[in-house]
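Going by the working numbering, the sequence shown opens with residue 1, and the numbers climb by one from there.
Source of the hints: derived by calculation from the structure; they are not laboratory data. For each residue, glycine too, the CB sits at the ideal point set by N, CA and C. The reader is advised that the hints may include incorrect statements.
Listed below are the simulated DSS-like cross-link pairs for lysine-lysine, each with C-alpha atoms no more than 25 Å apart in a straight line [as the list claims (entries may be wrong)]:
#1 K112 to K197
#2 K212 to K197
#3 K112 to K170
#4 K197 to K170
#5 K207 to K98
#6 K98 to K74
#7 K98 to K130
#8 K74 to K130
#9 K197 to K98
#10 K212 to K222
#11 K98 to K170
#12 K170 to K192
#13 K112 to K98
#14 K207 to K197
#15 K222 to K207
#16 K74 to K212
#17 K192 to K207
#18 K192 to K212
Between beta-carbon pairs, the in silico distance windows are [said to hold, decoys possible]:
#19 Q126 to I195: 21 to 31 Å
#20 V199 to R50: 22 to 32 Å
#21 M101 to D202: 41 to 51 Å
#22 D234 to V73: 25 to 35 Å
#23 S137 to D81: 32 to 42 Å
#24 P178 to G31: 46 to 56 Å
#25 W152 to S201: 36 to 46 Å
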Amino acid sequence: MEIRLDGKRALVTGGSSGIGAAIAVELGAAGAKVVVNYRSHADAAAEIVRQITDVGGQATAVQADVSDQSAVVKMFEQMDDVYGGIDILINNAGIDGKRVMSWEIDPEDWRKVIDVNMLGSFYCAQQALKRMIPASSGVVISVSSVHEEIAWSGYSAYAASKSGVAMMTKTLAQEAAPYGVRVLAIAPGAIKTAINKPVWSDPEQRKDLLTKIPLNRIGEPKEIAEMTVVLASDVASYITGRTIFIDGGMTDYPSFAEGG
1 MEIRLDGKRA LVTGGSSGIG AAIAVELGAA GAKVVVNYRS HADAAAEIVR QITDVGGQAT
61 AVQADVSDQS AVVKMFEQMD DVYGGIDILI NNAGIDGKRV MSWEIDPEDW RKVIDVNMLG
121 SFYCAQQALK RMIPASSGVV ISVSSVHEEI AWSGYSAYAA SKSGVAMMTK TLAQEAAPYG
181 VRVLAIAPGA IKTAINKPVW SDPEQRKDLL TKIPLNRIGE PKEIAEMTVV LASDVASYIT
241 GRTIFIDGGM TDYPSFAEGG
């Protein structure tokens with residue numbers, strides 16, 4: 001089965017690197033017109049646009065900090081001008097913040113993670129839904145994490161933000177379903193991106209990480225991107241209000257494979 005998104009208008013926040021870049025490229029390859037959002041690396045965003053257009057796709061880059069509500073409004077207005085609306089939103093922009101125990105972290109650092117990961121996702125979803133609801137069509141997919149379910153010491157803000165995104169997804173899906181709009185989340189596990197390189201490139205850390213993954217390997221960004229295309233397509237037309245875990249079984253708690 002070949003999945004196509006011809007003519008669909010997609011926005012990928014944080015689309016200039018890592019999982020976001022892979023998703024943007026895969027959406028473009030499936031025929032979608034893609035807006036690659038970036039915050040501070042215009043050259044990297046331009047490279048993703050080039051990769052999409054070089055194979056005959058349509059793409060443009062738009063700068064915006066998703067934690068700034070006014071910047072998000074402006075970004076969607078720019079997308080209206082370029083593509084005339086939106087059919088697919090991928091809420092991917094996110095940060096994990098500093099590793100600090102909760103009783104030691106500066107509250108402003110904690111708030112920054114929430115502002116980007118949760119409020120940023122909401123600001124973008126709100127603008128997308130304002131356009132999708134009247135059209136009775138559209139898909140919102142937020143990139144969550146296995147840490148919406150698995151605690152992560154030193155990263156309380158990150159885990160809290162992803163749990164918040166999960167419940168926000170369910171609630172927005174409930175609100176939007178009567179209008180034919182789907183709202184989903186995907187939760188990657190350990191994925192081989194540049195931001196994770198210190199872990200997967202270090203033999204000892206990699207060995208420890210693999211003990212947490214039943215499939216015994218680290219995932220590739222393309223695997224996340226391909227599933228995102230499936231979920232954004234009509235193949236998944238009866239799926240809404242759920243987080244789809246793409247984690248090699250990490251949330252299956254492999255430490256319980258033997259004993260109890």
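Here is how each hint holds up against the structure:
Proposed proximity of K112 and K197 is supported: the alpha carbons are some 23 Å apart, at most 25 Å. The straight-line distance between the Cα atoms of K212 and K197 is roughly 17 Å, inside the 25 Å bound, and the hint therefore holds. Restraint check for K112 and K170: the C-alpha separation of about 24 Å stays at or below 25 Å, so the hint holds. As the CA atoms of K197 and K170 are separated by approximately 32 Å, the hinted pair breaks the 25 Å bound.
Proximity of K207 to K98 is assessed by CA-CA distance (about 23 Å); at most 25 Å being required, the pair is judged to hold. For the suggested pair K98 and K74, the alpha carbons sit about 30 Å apart, so the restraint of at most 25 Å is broken. Under the criterion of a C-alpha separation no larger than 25 Å, the hint pairing K98 with K130 is inconsistent with the structure, at around 34 Å. Simply put, K74 and K130 have alpha-carbon atoms about 14 Å apart, close enough for the 25 Å limit, and the pair holds.
Between K197 and K98, the direct Cα distance comes to roughly 16 Å. Compliance with the 25 Å bound is thereby established for this hinted pair. Annotation: proposed proximity of K212 to K222 holds, straight-line Cα distance about 21 Å (limit 25 Å). Taking the CA atoms of K98 and K170, the gap is near 28 Å; set against the 25 Å cutoff, the hint is violated. Using a Cα cut-off of 25 Å, the hinted pair K170 and K192 is violated, with the two alpha carbons roughly 28 Å apart.
As the CA atoms of K112 and K98 are separated by approximately 11 Å, the hinted pair is consistent with the 25 Å bound. Distance hint between K207 and K197 is fulfilled; the C-alpha atoms sit about 14 Å from each other, no more than 25 Å. For the suggested pair K222 and K207, the alpha carbons sit about 22 Å apart, so the restraint of at most 25 Å is met. Between the alpha carbons of K74 and K212 the distance comes to roughly 42 Å, so the proposed pair goes past 25 Å and is violated.
Pair hint K192 plus K207 holds up; C-alpha atoms about 14 Å apart against a cutoff of 25 Å. As the CA atoms of K192 and K212 are separated by approximately 15 Å, the hinted pair is consistent with the 25 Å bound. Separation of Q126 from I195 is about 27 Å and conforms to the stated range, judged on CB atoms against 21 to 31 Å. At about 29 Å, the CB distance of V199 to R50 agrees with the hint of 22 to 32 Å.
At about 23 Å, the CB distance of M101 to D202 disagrees with the hint of 41 to 51 Å. In this structure the supplied range 25 to 35 Å holds for D234 paired with V73, their Cβ-Cβ distance being about 29 Å. For the pair S137 and D81, the beta carbons lie near 20 Å from each other, so the given range of 32 to 42 Å is not met. A beta carbon spacing of about 28 Å between P178 and G31 contradicts the range 46 to 56 Å that was offered as a hint.
One distance hint, 36 to 46 Å for the beta-carbon pair W152 and S201, is violated here, with the actual separation near 20 Å.
Comparing the model with each earlier hint shows violations of hints 4, 6, 7, 11, 12, 16, 21, 23, 24 and 25; every other hint is respected.
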